[in-house]
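A.B. asks: The primary structure of each chain is shown beneath.
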Amino acid sequence: MSTDRMTPTSAFADDTHWEHPHPRRGFFTDTSICIGCKACEVACKEWNRNPVDSDYEILGSSYDNTGGLGADTWRHVAFIEQSQERIEEARESGRALVNLGMPRVGPPAPSPAPASTGCACGPAAPADDAAGSGCACSGPSSATTAPATAGCGSADGCGCSSGGAGGAAAGTAEGGSPVLDTPDFRWLMSSDVCKHCTHAGCLDVCPTGALFRTEFGTVVVQEDICNGCGTCVAGCPFGVIERRDDGLVEPKTQRGTPPMPDTVKVPQDGIAQKCTLCYDRMKEDQTPACAQACPTTSIKYGERETMLESAQQRVAQLHEQGRTEARLYGANPKDGVGGTGSIFLLLDEPEVYGLPPDPRVPTADLPRMYRRAGAAVLGMLALGAAAFTVGDRR
Amino acid sequence: MSVSPYDSYRPPEEPRRRRRRRNRPPGGGAFRRGGGDGSREVAMVPEPEFTSYYGRPIVKAPPWDSKIATYLFLGGLSGGSAILALGGYLTDRSALRRNGRLAALTAAGLGGVALVADLGRPERFLHMMRTFKPTSPMSMGSWVLATFSTNAGVAAAVEVDRMTGERLPLGPLRPVLHAAELPTSVAAGLLGAPMATYTAMLLSDTSVPTWHEMHGHLAFVFASSASLASGGLMMLTSPVSQTAPARFFAVAGVAGELVAMRVMKNAMDPLTVEPLEQGRPGTWLEWSERLSIAGGLGALLGGRRRWVAAASGAALMASSALTRFGVFWGGKESVKDPKYTVVPQRNRLEKRRAAGITDDSITTAG
Amino acid sequence: MSRFSPLEWPVIRQLRTGDRTGRSSAVQSQHTREITARTATADRVVQSICPYCAVGCGQKVYVKDEKVIQIEGDPDSPISRGRLCPKGSASEQLVNSPGRQTRVLYRAPGASDWQPLERETAIDMIADRFIEARRRGWQDADEQGRPLRRTMGIASLGGATLDNEENYLIKKLFTAAGAVQIENQARI
Amino acid sequence: MANADCIVIQGSNMAECHPVGFQWVTEAKARGARVIHVDPRFTRTSAVADKHLPIRAGSDIVLLGALINHVLSNDLWFHDYVLHYTNAATLISEDFEDAEDLDGLFSGYDPETGTYHLKSWGYQTEDEGEGHQADEQRNKGDEERAKAGGQQYGSGGAPVGAGKLVRDETLQHPRTVFQILKRHFARYTPEMVQETCGIAVADFEYLARSVTENSGRDRTTCFAYAVGWTQHTLGAQFIRTASILQLLLGNMGRPGGGIMALRGHATIQGSTDIPTLFNLLPGYLPMPSVTAQTFDDYVDGIRTTTQKGYWADARAYSVNLLKSWWGDAATAENDWAYDYIPRINGAHGTYQTLMAMLKDQVDGYFLLGQNPAVGSANGRLQRMGMSHLKWLVVRDLNMIESATWWKDGPEIASGELKTEDIDTEVFFMPAATHVEKSGSFTQTQRLVQWRHQAVAPPGEAQSELEFFYELGQRIRARVADSDDPRDRPLQDLTWDYPLTEDGEPDAEAVLAEINGQFLTGPRAGEPLSSYTQMTDDGSTAGGCWIYTGIYADGVNRAAMRVPGQQQDEIASQWAWAWPANRRILYNRASADPQGRPWSERKKLVWWDPEKKTWTGKDNPDFPLDREPGSTPDPQQGGPAALAGDDPFIMQADGKGWLFAPKGMMDGPLPTHYEPQESPVDNPVYAQQQNPARIMFPREDNLSAPSGDAPGTDVYPFMFTTYRLTEHHTAGGMSRWLPYLSELQPEMFCEISPELAELKGLEPYGWATIVSPRSAIEVKVLVTDRMTPLTVGGKTIHQIGLPYHWGAGTDAVVTGDGANDLLGITLDPNVQIQNFKTGSCDIRPGRRPQGAARDELVREYQRRAGLTIMTGMERITDPERELNEDPLRARDSGDVAGRSTAYRPGQDATEQEADK
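Protein chains in written order, with the working numbering: chain Z, 34 to 427; chain E, 10 to 375; chain P, 25 to 212; chain S, 585 to 1499.
Among these hints, one or two may not hold up.
Stated by the list, open to error - Subject to a maximum C-alpha distance of 20 Å in a straight line, what follows is the list of computed SDA-like cross-link-like pairs (lysine to any residue): (1) P:88 with S:1042; (2) S:1201 with S:1211; (3) E:360 with Z:82; (4) P:88 with Z:82; (5) P:84 with Z:82; (6) S:1363 with Z:367; (7) P:84 with S:1143; (8) Z:367 with E:367; (9) P:91 with S:1040.
Read the hints as simulated data drawn from the structure, not as lab findings.
Construct the complete structure from the given sequences, taking the supplied hints into account.
C.D. replies: In structure tokens form, the structure reads like this:
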């Protein structure tokens, strides 16, 4: 069994077989414009009728009182308060990324076109537009510095070449320098979600086929199949999926009053649960609940290729403004999970947000495990044989 | 938290509905962690510095409890017993054969019950047979367990029939059953080894840091542990006259486990070894090692004396159980602190970068 | 597993189709194949406006079997473009909330708990008390003899979450009855 | 807003309170706009802004005043705009004396009543010569208006004298508004900002640069505010200051400019347009006061026939309202049934009503979707007030605290009240949600949007429309046979509304009545399509003139829903905006005096010289055929008198008011006073607090001393209350929802690490906050987002308190209410209370329970030596401020209102009696 068959390679179609596949869908979560309103959390719970995930107590993590992703919380907004020193470090670590020979953009370009030119893109983009609004502007330099390895046609998608947005926000509007003074303080907010990995650990280790790769390239649990073995929980390198261990789906209250009789009951206790990227809505060509609700288009949804382009343009734009702390997470098809369906733009190291810095799908090591286990099996059998031959003489 | 002089006047609060929320340590800000909480035993490696999200875990532990740890032990015991039963069958050691077969079936049966009981939806245990997934050790293990149990079951049935003087109401099936004795014994014996080791893959094919770090060697540890456990069981249950192969099996297992465990720990990221060496898992593994050495020595030196053999056998079985519990719970401990996830990952990332591989990071500048 | 057909056994499907490793089409269940969004099967969709703040975001209300099954942002709205805040996103729960009251309740003077009351009776009782309070609080003129023609026995607070039409009727009725102490959140 | 080049969000936490509205800020920012957030706390808005300036709560006027000073002294104002579109060149009466001269007071202050005589603030008019005020006649109605608060003027502004105003186009005359403004704000320097607001000079310069660089022909700056401004004793003046700045910079009536009010309730705008307010009738017509005994008096109090603009037709609007309500019973002979309307003779706001309740003067109280036990200031007093009622009707979705205080309120816990002793009857009536009834909401930009009913209300729940319709039916039935004249208004009331299939009154029929119709003539029965069709002869009727046109041609325009994607950015085919579906008010100002757009980039409406009409992207807010250069005779009055460059068509002189000759109760120019409770002395003037603020000195509404007064150290910290994204006001619509409750489950406070250190407060542990009114317990969030400010040489610690929680048992999450800490002090203009600041102490641990809680509060009061007089002085330093005979203007008869506020001596005895 070769690696290639055990775990899909970068070509996404490798672990899928569909008569009529659709282009792969995904999220782009731009945390630089997240306002931490948690509309995504609520919209997600309401649509999926997930139970409340809380003891109704302050958790002691800024405004975050749901803790993290889990069986009941499929979108989770993280809140991180940082001092100036930490911002400098983030900026530095981001610069270090740029300086590596990795997919990268060039150094901040000198201030581009005058701001008054305005920007032709963005404003009227509807909420479900893949590209979202306001993010499609990038400076002229981005075309030449588009990532070489990421597989995005670097030139297209850059419909708007005005650098007005970048220049104005960074320095003074009239062609000032893009050098940023570091604020004393910042409050990071970021909406986390299932990554819908190209190589999905949960999917690989699921014994029943409850987890499957959909025709949209997402990873979904089938509630009628899962028997709650829990293997997937440990299989996920991001700690996303979890077994729901209590009850039905209507939201609980502390008062013990019986729920409204008409509340739909779906018995989903005891099975693994996670974001489905709203598989049901996607089938009807609707936007997932979280992306639909997001007030600032921090959560964008669309074909993954488009998401990737948006993400790359946005990070280039931020770098032009001197905000070198910006970086993408999950955009690289060569990473340990083959790139994620949900791409994030982060403003600090991943572990600050509770994300692993170098996740790796556990099944990547499966061939080796098979070889070693095979050797152990043979060894044990040989030992057994020896016991009754050599050992017998004693 | 009670600092007000008035607190003592408060009536006891109504207990709030408590829901177990896993992985929630008391937090206090996005803190830079300077390592452990001070109560831990001596750290093996310098404590790393990194910023976590309020100290919350990154990966999640599977929702498995001691039932699964028990199964790990029983599966090994069962697989090893089947091998010894096959040997006993082929070399005509009737007690070894009989006890091995019965042990194999009983352990597999109990283990299966433990497995099913641990499911979130036990009534759906048959879904395990729904698909055949090479990427899923649990799927492969289910197939192994099912085939192994069937074969071990037939072999055990023959044994029971024989023990009851062929009084089982088998009717015309008896000849068929007895004809199947050889093929099923061989099959059970051969499947006994994967039965004893696949659980290593089950654990290490996860993102649980300590388990995954073990993936190169855990199979050897578990195979050895299964050998010494089943050898021990036979020493305990069978007359010494027939248990020489079992003693050999056990002693080799002890040696194998000692070596494999050492090698494994050396190959792991040092930080991820920590959960195996502290707390309860650490104690268990320590005792496991002591018991296995004692049992091994007992088998080697006093295996021909019945009571020494029995005591050594029991020690070996206990050692195996402790090994499985130690590894199991050590792994579960390793998800509680994000450092076990983050630091090894950062280390390997740095290592790759140092080696000039810079194009495979999940974090990119564009 | 109830309608088990050997050909539909995923292991066989793995072999029959190209999904050899059993990770996509081969393991999809009938149930999953048939999933649809509940918004797609709603009996009707009604356009509405979010009841929380004054931004006035558009909402689409999905109704099935005379129950609200989903409320989400209305992408047609030029105000909100389909987006909603957490409160707006929770408005389905506001409608179907487990804690919502749907019975008229009455607390008698000195009573320690509620008792149920017929709505018709309640409105009649309120009308009687309204008339009585109006009478008791009536002022014909101020101290200088200038006509006031009003009652100070009745007051009201609220309106910023009510409809314009409702506020109109409230103001109209209270004014005609001579009640002037009418206030709402606009001043709070 | 998306068109702005710079957005200053001040006094609002926009991203948290209006996340969806904030998308336009995000979009403007993506286009390159600079976003600056000025707020005491670093909030989620600050997190995505370009810069956050921490400010001491309540010092906004100093910051804005300094910006005005910066603009004026550096000649950065928009000359063409200011000269033509504002009253900068107008001369003010020579009796006027500024706060500069009187160290904090304006001329005309009456220390006895705590109110101003408005006379000396008037324009100077030509006909009567210098030194005379305009038109005494017009001032008659002022007294009651002052009592009721300036909000009466609504969008109309106040009438000013007619006649030719004296202008000096060179702006050099010392009594021009421009020069007065210059002198008035000279004191507001960057150093004063640092001293008062705690904002560093460099930060102020950044703000000033951002605002001024992004204003002018080509660029616009937008201000956004919310309750952070209104809920102060200076609320209305905060907004005035921003208006002055925006007028000087030419940012009013233009795309991407203006001052945006961000309001917290679905139709809080609608509930003032069609008001459930004591002092207003629909369409901002004032509630008749006792002095306006005849209809003519009433109408003259609203307008002069010769004033410019649309308010000149107030008579027609009033007649139409009366015709709508009393139909055929309203005739020219009986003054259109004007006498059917009750008269007000002072403020009858919710806090005055509360005082009346406490004196057992109110029998019955309706709470309609409102939770004053949690949401109003001094929650304890609110609950105590309700316990004095005979009956209470609570209409809500959930069992709110205001419906259950008699069994689980804090006063029951403390033993102050005993359930069995409370004789209040309580009716809980379940209400219908927004999807269970049809009707319209008016959102913050005056857009009226229709909601269609989706389902029937569950159980016994019903809409307010149905409830009040039925209640009205039954009340009318009970008085049907009465011959008491006081019942005539009820008997003659038009109260026949068609019912829908479900038996509910048809909301659309009510909307049609609001819109109005022709009663006689060839078009009888047809809906009106514009308020210009309204007549004062009884041939038309319409319930709210500003809404006329919403039902034009019998079509419910509020229900128009052409998708936004199919329209331009103005989206005029989505719902309907009053007046006349106009999206940007005063948009004539978006073109220069000659009618050309100020710039291509900021083009909105303009004069089309070919077609001789105003045209553009928006519906022009101006007489369509009025040429830019025309100068009609101002004596004509009404819209006809508007000159071609009078864009502010609702103001009596057609100009934007830099100086408010009328309409404000506490000064024609904004002036900084300290909040009711402040840790510092007013750095700007000797006068400490707003001298015209409305106070309620009571034993249970005590104030902490301010500045250096003894006892200040007992309550050394400031608190400010606010909302969170996850909850809605008093929680009636959020704390019962598990999904929202889990997001912010517990009452907490936000404090700086420095304060935590100082007081030994443990992160996420408990703390008790004590104010002169109450003590509450909260969880502690220690965060760098709170910054201690250095003000007046002192370190000021601010404590942030969300106010969504209340003590009860029914909600999913409960907690102590922050509003219990607040005292009641009101803004004199709009009677909105100060919610934003107060003095307190904070201590570790939970609060005591039961009676011990009150004991703790009293112990603090004793230590601070509080009396009901503390902080209640009107004039801080009479010697410095009242350098002339304070009563000199008294004989003029032009007295601005005698409020229900405290007067020394008198209320003190009342107070005794209360106890």
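A.B. asks: Could you run down the list of hints and mark each one as holding or not?
C.D. replies: Status of the hints after comparison with the structure:
1. Under the criterion of a C-alpha separation no larger than 20 Å, the hint pairing residue 88 (chain P) with residue 1042 (chain S) is consistent with the structure, at around 15 Å.
2. For the suggested pair residue 1201 (chain S) and residue 1211 (chain S), the alpha carbons sit about 18 Å apart, so the restraint of at most 20 Å is met.
3. Between residue 360 (chain E) and residue 82 (chain Z) the alpha-carbon distance is near 44 Å, which puts this suggested pair outside the 20 Å criterion.
4. For the hint linking residue 88 (chain P) to residue 82 (chain Z), the alpha-carbon distance of about 16 Å falls within 20 Å, and the restraint holds.
5. At most 20 Å may separate the alpha-carbon atoms for a hinted pair to count; residue 84 (chain P) and residue 82 (chain Z) meet this at roughly 18 Å.
6. Between residue 1363 (chain S) and residue 367 (chain Z), the direct Cα distance comes to roughly 46 Å. Violation of the 20 Å bound is thereby established for this hinted pair.
7. Proximity of residue 84 (chain P) to residue 1143 (chain S) is assessed by CA-CA distance (about 14 Å); at most 20 Å being required, the pair is judged to hold.
8. As the CA atoms of residue 367 (chain Z) and residue 367 (chain E) are separated by approximately 10 Å, the hinted pair is consistent with the 20 Å bound.
9. With a CA separation close to 9 Å, the supplied pair residue 91 (chain P) and residue 1040 (chain S) stays within the 20 Å bound.
Hint compliance for this structure: hints 3 and 6 are broken, all remaining hints hold.
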